[in-house]
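S.K.: Here is what each chain is made of, one letter per residue.
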Amino acid sequence: MSKALDEIALGDHACVVMDSDEQHWEIAAGFVADGIKRGEKIIYYDGARSTEPVLRRLREDNVDVEHYLRTGQLAVFSPELTNQLWKLSLPEMAGMVAETIGGSLAEGYPSVRITDEPSGAVHRPSGHSLAEYDRAVHESMRGHPVTLLCQYERTDWPTSELTDLCEMHSIEVVTPAIYDDGLLRITREAPFSTRVSGEIDFSNRHLVRSIIDKELDRALRTADQTEEIQVHLESLRFADVTTIVQFVQAADGFPQSHKLVLYGVQPCIRRVLDRCGAGFTAQLTLREAMTA
Amino acid sequence: MRFENTRTMLPRRFVHRAAYYTSSDHLVQVAVPIVQAALSQDLPVAVIASAATEQRLREVLGGSAGLIHLPPPDARLRSSGQAAISQRARELGELTDWAGPSVVLAEHHPDRAGIHPSAWLEADAANNLALAALPITMTCLYPTELESETVSASVRWNHPELIGSDGSIRENPDVRSPAEVLTMYPVPAPAPLGPPDRELTFTPWQLIDLRAAVAEETDGLALTQCRAQDFVLAVNEVASNAVEHGYGVGLLQMWRRPDRLICEVHDSGSLREPMPGLRPPHPSNQRGRGMWIARQLCDQLHVWSDVRGTHVRLQAART
Chain A
5 MSKALDEIAL GDHACVVMDS DEQHWEIAAG FVADGIKRGE KIIYYDGARS
55 TEPVLRRLRE DNVDVEHYLR TGQLAVFSPE LTNQLWKLSL PEMAGMVAET
105 IGGSLAEGYP SVRITDEPSG AVHRPSGHSL AEYDRAVHES MRGHPVTLLC
155 QYERTDWPTS ELTDLCEMHS IEVVTPAIYD DGLLRITREA PFSTRVSGEI
205 DFSNRHLVRS IIDKELDRAL RTADQTEEIQ VHLESLRFAD VTTIVQFVQA
255 ADGFPQSHKL VLYGVQPCIR RVLDRCGAGF TAQLTLREAM TA
Chain B
11 MRFENTRTML PRRFVHRAAY YTSSDHLVQV AVPIVQAALS QDLPVAVIAS
61 AATEQRLREV LGGSAGLIHL PPPDARLRSS GQAAISQRAR ELGELTDWAG
111 PSVVLAEHHP DRAGIHPSAW LEADAANNLA LAALPITMTC LYPTELESET
161 VSASVRWNHP ELIGSDGSIR ENPDVRSPAE VLTMYPVPAP APLGPPDREL
211 TFTPWQLIDL RAAVAEETDG LALTQCRAQD FVLAVNEVAS NAVEHGYGVG
261 LLQMWRRPDR LICEVHDSGS LREPMPGLRP PHPSNQRGRG MWIARQLCDQ
311 LHVWSDVRGT HVRLQAART
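Order-wise, the sequence lines are chains A and B.
My numbering numbers the first residue of the first sequence as 5 and each following residue consecutively.
My numbering numbers the first residue of the second sequence as 11 and each following residue consecutively.
Because the hints were derived from the structure by calculation, they are not lab data.
One thing to keep in mind: the hints can contain errors.
[As the list claims (entries may be wrong)] With a cut-off of at most 25 angstroms between alpha-carbon atoms, the simulated SDA-like pairs for lysine to any residue come out as follows: (1) A:K218 <-> A:P259; (2) A:K263 <-> A:A282; (3) A:K41 <-> A:G268; (4) A:K218 <-> B:N295; (5) A:K218 <-> B:R297; (6) A:K263 <-> B:N295; (7) A:K263 <-> B:R297; (8) A:K263 <-> B:H292.
With the sequences and hints as input, model every part of the structure.
M.R.: If you want it as structure tokens, here you go:
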């Protein structure tokens, strides 16, 4: 069964296969943020050295990361610790997971949300298959209020093993994108709202321009439904000058009835927007990032 | 009825004049009527001159009302006329923003802490590009004692109006566009820096690696995050031009200095216009902003070309 990230329910043991870093950070941060909203204890086993970009993505989404790390609601295990898991025997692994769940519930959290990146398990020394570990963990969470998401980077695994791993999970999380080239990812947040994450430069700006133009055109054709076309730039970390000029000129081309609204523009991009005349474009509005 | 189009509607606002002086006394004689004429029209006068010259002007004029002191360019920019003028254009843009049309007097003298004489010709051509849209009347005062091919060429080719020894103004029939001037007298390469501390070749798909490398080097310089990001953007813009116009491959070289980071971007393409990015782009132009913004974002940007291709040196200094 396929589910969107926000459809994951308590008790689900889901997997996701990721094709790009931006997708990875989007999913991991989304899973964590959803758990925080529900008041759950979050256990993050960082097996791919992704802590820094995932926490950055959470901050871009207006999550007060420092607060949740300080209170312990969000617990991150380093790659060194995470990779030790694959040296455990199956009973040891099951016991460790059960202990972690029990400890979290004892802290007073109503439920626990666990996610892992088992990229270190590709070369696991214990001789067990990842499927065996997965079954052991699954047994440990049975009967407890736990949600588990296993994250697999497609490039880490042979196709056949990845297929087997996905088949073991009853739920596969799907995160469709309008565009993802590994450097930049564009997703549709809502009918008239897109999110642009990553970096835009000479290598991809022509493709990005055509995609954004299509999105804007589609929105404008349903003009009676909205007056604002929203583009979320909270996670756009770099855009070259030509791209920024294109945003300004796209807004310039809007009818007076519509506005292009850019959310969460990072300071480095905002400075260039100012130099490109964004302040003089009536159809362009900049707003702070939306709260998580 | 007069039909206007976008070209004829734009007034030619920058007036660029040259005059010779034979001595410091003569310089004051030439300058005073220009200043008085401007002040009588309530126009501010910006003076780019030695301290001695400026003081004498103030003495002769009986006060300093209406005279604005502009400091010499940063010492590191002396040998790059285009970099010095790019910085000057920002200052004059701010001046005309609040003061409106203005008059500028610029003294050229080798002993003054201004632009090096070898870059005067480049600087005056750069003035014609960078100040083209500003309501400024600039008079460049050149010493006759230094008369040389470079000085006479700069006066002759770069100044549409010449001021005679009697103070009269005449049109200069020999004036040429900056592109023509710099075809005759190409922009020189800056002083060599020796082997780079780090270099990498790049294609369009490796611009991300280039940005990461430059960002890493700016970390060592302890720039503010804002200045570091701006410098990375500037180098990226130059590198994007390199892969667009230079057959898809470019070379980045970096030199670490205690107080600055110097980057050079090289490609095998040719320049379509000399000193790109000096002229502010028209708002309706989709392209051409990258180099202009790059010049605004770093402490020095010097473009030159030779038989091997096009080269750009950029510099970020710790403040």
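S.K.: For the pair we were handed, K263 (chain A) and R297 (chain B), check the Cα-Cα distance against 25 angstroms.
M.R.: holds (23 angstroms)
S.K.: What's the verdict on K218 (chain A) and N295 (chain B), does the C-alpha distance respect the 25 angstroms limit or exceed it?
M.R.: holds (22 angstroms)
S.K.: With the threshold set at 25 angstroms, check whether the alpha-carbon distance from K263 (chain A) to N295 (chain B) stays at or below it.
M.R.: Given pair K263 (chain A), N295 (chain B) holds - Cα atoms ~22 angstroms apart, limit 25 angstroms.
S.K.: Can you confirm whether the C-alpha distance between K218 (chain A) and R297 (chain B) stays at or below 25 angstroms?
M.R.: Answer holds: K218 (chain A) to R297 (chain B) is near 21 angstroms, not above 25 angstroms.
S.K.: Run the distance test for K218 (chain A) versus P259 (chain A): straight-line Cα separation, threshold 25 angstroms.
M.R.: It holds: about 16 angstroms lies between the C-alpha atoms, which stays within 25 angstroms.
S.K.: Keeping to a limit of 25 angstroms between CA atoms, is the pair of K41 (chain A) and G268 (chain A) held or broken?
M.R.: Holds, because 21 angstroms separates the two Cα atoms, which is no more than 25 angstroms.
S.K.: Would you check the hint for K263 (chain A) and H292 (chain B), treating anything up to 25 angstroms between C-alpha atoms as holding?
M.R.: holds (23 angstroms)
S.K.: Between K263 (chain A) and A282 (chain A), does the CA-CA distance stay at or below 25 angstroms?
M.R.: At roughly 13 angstroms apart (the allowed maximum being 25 angstroms), A282 (chain A) and K263 (chain A) satisfy the hint.
The earlier numbered hints are all upheld by this structure, with none contradicted.
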